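S.K.: So you can see what is in the structure, the chains are spelled out below.
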Amino acid sequence: MSSSELRHTALDALHRSLGATMTDFAGWDMPLRYGSERDEHVAVRTRAGLFDLSHMGEITVTGAGAAALLNHALVGNIASVGVGRARYTMICQADGGILDDLIVYRLAETEYMVVANASNAQVVLDALTERAGGFDAEVRDDRDAYALIAVQGPESPGILKSLTDADLDGLKYYAGLPGTVAGVPALIARTGYTGEDGFELFVKPEHAVELWQALTKAGEGVGLVPCGLSCRDTLRLEAGMPLYGHELTTALTPFDAGLGRVVKFEKEGDFVGREALAEAAARAEQNPPRVLVGLVAEGRRIPRAGFAVVSGGAVIGEVTSGAPSPTLGKPIAMAYVDAAHAAPGTEGVGVDIRGSHEPFEVVALPFYKRQK
Amino acid sequence: MSNPQQLRYSKEHEWLSAAENGVSTVGITEFAANALGDVVYAQLPEVGSTVEAGETCGELESTKSVSDLYSPVSGEITEINEDVVNDPSLVNSAPFEGGWLFKVRVTDEPADLLSADEYTAQNAG
Chain P
1 MSSSELRHTA LDALHRSLGA TMTDFAGWDM PLRYGSERDE HVAVRTRAGL
51 FDLSHMGEIT VTGAGAAALL NHALVGNIAS VGVGRARYTM ICQADGGILD
101 DLIVYRLAET EYMVVANASN AQVVLDALTE RAGGFDAEVR DDRDAYALIA
151 VQGPESPGIL KSLTDADLDG LKYYAGLPGT VAGVPALIAR TGYTGEDGFE
201 LFVKPEHAVE LWQALTKAGE GVGLVPCGLS CRDTLRLEAG MPLYGHELTT
251 ALTPFDAGLG RVVKFEKEGD FVGREALAEA AARAEQNPPR VLVGLVAEGR
301 RIPRAGFAVV SGGAVIGEVT SGAPSPTLGK PIAMAYVDAA HAAPGTEGVG
351 VDIRGSHEPF EVVALPFYKR QK
Chain R
1 MSNPQQLRYS KEHEWLSAAE NGVSTVGITE FAANALGDVV YAQLPEVGST
51 VEAGETCGEL ESTKSVSDLY SPVSGEITEI NEDVVNDPSL VNSAPFEGGW
101 LFKVRVTDEP ADLLSADEYT AQNAG
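Read top to bottom, the protein sequences are chains P and R.
If you use full-length UniProt numbering, the first sequence closes out at 372, no skipped numbers anywhere.
If you use full-length UniProt numbering, the second sequence closes out at 125, no skipped numbers anywhere.
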C-alpha cells in the first residue's frame, strides 16, 4: 500500500500532530484513533467527541426539477422534505438492491445536498447523473467543496452555542441551517451517527483547521476529545445503525434489511426499483426473510462480520458487525438470522467463533438508546 | 517508545525475559500493543501445556481485530497472567510489566531472537 495514493483531508497535518493512528478508509487516509478507542467512545457517550468526516461524499442537486429527480432516483419522498430539514433515505438498483444509504438535506426550495458514504460516493454520483436525464436539474460533484467536522455527545450543544449565534434550540434532529461557527461559514446540521445528540458542520476545506481548533478550545473545559473511525464504528453499532458493506449491500433490498419504512410507494411518479421493491415488500410480509437482530455475548469472545450464527448445530444466520461494547461491557453484534430464531430471548443461539460455538442472547435493536 | 535493554525480542513482537531458574516471562511489545489497539480479550496457553517457538499458542483480540499469539521459545507453560485474563487492557497500559502474558520453562530457543536495539531498528520508520 502506497500512502501517496491515498487522499488526505484538509485536517491531515493536524491529525498527525495529534498523534493519530491513520488508516486507509475507502481510499482516504483517515484517523482510526488518537489514543484509546474505548476512551474516545466513552467521551462521546458522556461528554463530547470531535470527528473529521471529510471523506463523506457531498453531491449537490439543483434546479426546478431537483425534487422530481430525487423522487425518481431515490426510494424516499424527497419532495416532501421541508427546506432546512434532512432525511435518511436510500438509492436502490432497478432490482431493489441497495446501492447506498444517504442523508439528503434540503438547503433551499430547489437545492438539495445528498451525502453518500465515502466508499459509494462515485457510484451514487454516477447513478444520480444518469437518472437526471429528462429532468430540469443539475447534479454537481461537491466532494472537494466541503470538509465535514462532527461534534457529537451530550456536551455538544453547549460547545457549539459558545461559538455561534445560530438558533440551535430551534434546530431539530435531522435539520440543517446555514450559519457561522467561530467566524466560519457553515451548514450546521443536527445529524450524526453515534446515537448521541450532535452536529455535523459542512465547511469549506480552507476553514477546516480554524474550525477544528476553535471547537477543541471551546470543548476543553467539558472533556471534548478528538475521535477516530474506530470508536465511530462501536458507537453506531451500539445505536443499532446499519453500515454500508455490512448490514446493507446490493444483495439486499431495504425490506430485507428491516428498513422497508424508507421506501415510499405512495409518492408521486415512478422511481427506480419500484416494481422489485413492491415484490420485496410482499415477500417480507408473507414469508419473512432473515431478520436483522442484536446479539449480546454471554462470554468475552468477539463475533466478527461473516461469522456463522448457529442453533442446534445448524447455521441460522450470519454476523454483519461485531465489537466489544464499551457501554454494555460485553461483546455485541448485529446479525441476519432466520425469522424462526429472531425473537428477543430466543434460546440456544450461538456464534461460531473460530470453531467454538459461543452462547449469545438475541435482543431487539438498538443496544443503546440515549436518555432524552 | 523504548524497548527495555534487558529483554530479547522476536520478529513477531513478543518479548522474552532472561531466564530465572530456567523460566522466562513472555509478553508483547509496546509497539505490538499500540498496533493492536485496545486489547479486549486474551486467550492464553494452558498451564502445563507445551509450546513450540514460532507457533500459535493463544490469541489477543482487540476492538477491530484478532491476532494470533506466538511463543518466542519452546518449552512448558508454568504460569499465565490471570490479571490479564481478567483485565486485558493491562497489555496496553503496561506491556512490559503488569501486562506480561505467560511464563515458560525454556527447552529450546531459536537463534534469531533480537536484542532491544535490533528490534527497535526493525520497527523504525
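Treat the hints as calculated values from the structure; they're not laboratory data.
A hint or two may mislead.
To be verified - Computed beta-carbon distance windows for the label pairs: (1) P:S356 <-> R:E55: 17 to 25 Å; (2) R:E12 <-> P:D169: 54 to 62 Å; (3) P:D24 <-> R:D117: 56 to 64 Å; (4) R:P4 <-> P:T180: 36 to 44 Å; (5) P:R261 <-> R:Q122: 51 to 59 Å; (6) P:D39 <-> R:A111: 40 to 48 Å; (7) R:E79 <-> P:A340: 42 to 50 Å; (8) R:Q122 <-> P:D39: 23 to 31 Å; (9) P:E298 <-> R:Q6: 26 to 34 Å; (10) P:D24 <-> R:P110: 29 to 37 Å; (11) P:D39 <-> R:Q5: 41 to 49 Å.
Predicted model, so just to flag it, every value in this text is computed and none were measured.
Where is the CB? At the ideal position from N, CA and C, for every residue including glycine.
S.K.: If a hint holds in the structure, say so; if it doesn't, say that too.
M.R.: Hint by hint, here is what the structure shows:
1. Between S356 of chain P and E55 of chain R the Cβ separation comes to about 19 Å, which falls inside the hinted range of 17 to 25 Å.
2. The supplied range of 54 to 62 Å is met by E12 of chain R and D169 of chain P, whose beta-carbon atoms lie about 55 Å from each other.
3. Distance hint for D24 of chain P and D117 of chain R: a CB-CB separation of about 31 Å, inconsistent with the stated range 56 to 64 Å.
4. Here the CB-CB span from P4 of chain R to T180 of chain P is close to 53 Å, at odds with the stated 36 to 44 Å.
5. At roughly 54 Å, the beta-carbon separation of R261 of chain P and Q122 of chain R lies within the given 51 to 59 Å, and the hint holds.
6. Roughly 41 Å separates the CB atoms of D39 of chain P and A111 of chain R, a value that falls within the hinted 40 to 48 Å.
7. For the hinted restraint 42 to 50 Å between E79 of chain R and A340 of chain P, the CB-CB distance of approximately 46 Å keeps it satisfied.
8. Hint check: Q122 of chain R to D39 of chain P, Cβ distance near 29 Å, so the stated range 23 to 31 Å holds.
9. At roughly 42 Å, the beta-carbon separation of E298 of chain P and Q6 of chain R lies outside the given 26 to 34 Å, and the hint is violated.
10. At about 33 Å, the CB distance of D24 of chain P to P110 of chain R agrees with the hint of 29 to 37 Å.
11. Distance hint check: the CB atoms of D39 of chain P and Q5 of chain R are about 31 Å apart, inconsistent with the given range 41 to 49 Å.
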